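In order, the protein sequence lines correspond to chains C and E. Residue 452 in the numbering used here sits at position 452 of the first sequence, and the numbers go up by one each step. Residue 285 in the numbering used here sits at position 285 of the second sequence, and the numbers go up by one each step.
The hints are simulated quantities; they were obtained by calculation from the structure and are not laboratory data. Computed from a predicted model, the values in this text were never measured in an experiment. Please note: incorrect hints may appear among the correct ones.
Note that identical chains are pooled: a pair holds if it fits in a single copy or bridges any two copies.
Below, computed lysine-lysine pairings styled on DSBU-like, alpha-carbon distance capped at 35 Å [said to hold, decoys possible]:
hint: 1; residue 1: K7; residue 2: K266
hint: 2; residue 1: K412; residue 2: K263
hint: 3; residue 1: K146; residue 2: K198
hint: 4; residue 1: K367; residue 2: K262
hint: 5; residue 1: K473; residue 2: K190
hint: 6; residue 1: K7; residue 2: K263
hint: 7; residue 1: K260; residue 2: K250
hint: 8; residue 1: K22; residue 2: K415
hint: 9; residue 1: K185; residue 2: K244
hint: 10; residue 1: K240; residue 2: K412
hint: 11; residue 1: K164; residue 2: K415
hint: 12; residue 1: K337; residue 2: K146
hint: 13; residue 1: K367; residue 2: K151
hint: 14; residue 1: K7; residue 2: K84
hint: 15; residue 1: K178; residue 2: K258
hint: 16; residue 1: K474; residue 2: K151
hint: 17; residue 1: K250; residue 2: K143
hint: 18; residue 1: K164; residue 2: K279
hint: 19; residue 1: K378; residue 2: K49
hint: 20; residue 1: K198; residue 2: K472
hint: 21; residue 1: K156; residue 2: K69
As a plain string of letters, each chain reads:
Protein chains: 2
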Amino acid sequence: MSTSQEKETYRNELAARQQVIKNEGLPVIVILEGWSASGKGSALGSIIKFMDPRFFRVYNMDVISEDDKRYPFLYRHAVRMPLKGQFSFFDGSMMDEVTYAYMKEEISEKEYDNRINSIINYERQLRDNGYLVIKFFLEVSEKEQKNRIEKLLESKNTRWRVNKKDLWQNKNYKKCKKVYDDYIKRTDSKGCPWHRIKADDRDQVEFIIANTIISGIDSAVKNPWTAEILNNPYEMAGVKKLSKIKLKDKVLTDEEYKKKLKKLQKELSDLHNRLYRKKIPVIIAYEGWDAAGKGGNIKRVASALDPRGYEVFPIASPSAEEKNRHFLWRFYNRLPKTGHIAIYDRTWYGRVMVERLEGFCSENDWKRAYNEINEFEKDLTDWGAVVIKFWVQIDKDTQLERFTLRQNTPEKQWKITDEDWRNREKWDLYETAIDEMIAKTSTVYAPWHVLESNDKKYARIKALEIIIKEIKKKL
Amino acid sequence: MSTSQEKETYRNELAARQQVIKNEGLPVIVILEGWSASGKGSALGSIIKFMDPRFFRVYNMDVISEDDKRYPFLYRHAVRMPLKGQFSFFDGSMMDEVTYAYMKEEISEKEYDNRINSIINYERQLRDNGYLVIKFFLEVSEKEQKNRIEKLLESKNTRWRVNKKDLWQNKNYKKCKKVYDDYIKRTDSKGCPWHRIKADDRDQVEFIIANTIISGIDSAVKNPWTAEILNNPYEMAGVKKLSKIKLKDKVLTDEEYKKKLKKLQKELSDLHNRLYRKKIPVIIAYEGWDAAGKGGNIKRVASALDPRGYEVFPIASPSAEEKNRHFLWRFYNRLPKTGHIAIYDRTWYGRVMVERLEGFCSENDWKRAYNEINEFEKDLTDWGAVVIKFWVQIDKDTQLERFTLRQNTPEKQWKITDEDWRNREKWDLYETAIDEMIAKTSTVYAPWHVLESNDKKYARIKALEIIIKEIKKKL
């Protein structure tokens, strides 16, 4: 039992840490998991009671909304990651939903394993990207849980807080315990360790949580985390260097183009209908040289689609809010719903191209990003998405021709900026980075496809053919 | 029947207008309403087919998600308003949902009238804030509708597109027609007129829609809209000028304060529980002088609440994305869900204080804003929310004392900036603006409450008392 003076002390210290994380730009994620009736909610309530409510957010993750169900399971967690210098408190998180789905046989053993791996990777990514992640598991014995639930059921004022899941959990206590122990063991890591707390004494729980957060912050500030560059664990697809890609002869006559375009657009349109009904999400990512013809290519794909079922996301430099979060956060916020198609005009690969070359992130950041991106795309395909990545390729002379044309045509001048010319000067540096990117992120589940676009018509037809082929594989 | 050359012409012209609205920073909202099977979806599909998909978004508003249902009915429309220079296309919009709810008696005659008024005001606000709003209603006769539905039902590939509502509509065609005609008449306005189109010939529909959009944009560019400053139509509560507010003697001893605080926090905590179960949303808005004690006041309120049921929103200057939309957009994005409490540390009233005084908006903008805010808050109370607005008042000497203390106390220095001192120099200008604001926005449904905060303890207790009283009125 902690004395009221101890309480006073850690409350003041915790309040002071808000200033520390603000000044340090440290984002902190506190996850409270535990048995039903272990007192998560009230522990959380006491912890934040004396903190400044402008610098934290609390999320109760108990109920998964219908909207959230239409995204990958990590989505609703990822979109809630805090800004630098702020707290996110999660009352319940991935553990509860994933173990429950597994025990209720809503997901298979294999899906369960996949999700655990996703969680391990996701939490490691958070830590590597500067987040402090503090995880608690509140324990009560079978008997104590039973007593608490019965007490809640006694009064009309508290009865509504007991749901079917709580009762089920107490009835299946031993089975649950085994699964929880296993989950905790597997998701325990050096960067994001679990703290198990016996939840018999409420004051004690609050005391331990508060002090763990305080010392966690102090230690994170004193000893900045150094992220390792991990080896890629995924099977890779074969790739070519850009310099080996043949662009000559990849051309179509106007007549061939028109005929094929019409046929392929019709086919894609029908497939879109079927995708929609089968609730399969599709992600089409476009990267390529400036003036390679991404815009026109996207237009030919989009115009075959039902406008109610797709979105095009032009990706510019990140906003201030986006910069203050994990670099994938803004893409979690731009995922398609199940049954929808999302097309990206530039993508998360900015991390290993422009951010790398312009020094917008550290070397460790971009070197880590290959793996982080592979994990992200793995989650998307595990979710059931078709992931198609295009590199739109032209040669340097063709780019010059198109730049010059844009410069000299009044209605096209808006398409060309000084930055384009500056980027052009760095062609060779970019080529090295792109070769590395394609080699390191062409996984078998999400390989790169090169669109030879010296002739834009050829590239458009090839894009449509690949999209159709990939979607068909999935249907 | 339009010829293929006409088609070519308006398609090119429409594509060119995307560049126009981009350059002019004109946001365009296109609303397509109409009878079931009138071909809204396919008309929209043909319209956007040749446009650049990076500069528009299409929203199918048919299905209201469970999440959206927990917000005011205008919410899901408002959060989808386009950025400056972009299009939002709505396939179905307010009309369909509101008339259907009315005919199905899900809302009363009075609620229906309220919603129509809200729609009229909301669309006028959009126009006044620089949006071009183009509304179409696609008509088919009873017989033609029946034929089309029957045809859709014939094939397995199209049958899923017919839902119960469509069948119901055809069965109740005459009743629907009467309601639609009335709705269109009432929501027709100079700024946002309806365009009714006979939808018998698909090509004709596309032709009319495209040309209406083209001429709408041209006319909006040539003749910029001048917004009128409207008279306030709402009943106002009595208010005092700031200079008449007595601050002396509004004090509490430490003992009184502690005793009352404990009692009131307990009471608020119980009420929060009841609010949550009754799904009543609460909006608590704080405005006040720098160093008036808003933060500490908010903390005393928040710490009485269940952390899973409230959020505190600190409002800083708007982001680039927020600046490129209606000034209320960022508050639509920060509303509480039903049953939740949202507390705002500074609010939408920035428009008539800092934005007015620093010239961040035009005179017409801030003069219009009183009415726009009253309408916004009226919608919130119509939705069922408790809206509580606090002005936290101190005198100029007290501010100086607190500024000086902050300046001289190392752990408080972060709270004071050069901007605070600059604002202080404009005290008299602010006072005039605040007096006008309070006088013009103290409606009977959302009056201002002054918290005398020379003694912060007094102000905290008064805030809790008012919150409790206002919530009780609603329960």
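Structure versus earlier hints, numbers of those that do not hold, lowest first
Result: hints 4, 5, 9, 11, 13, 15, 17, 20 break, sorted rising.
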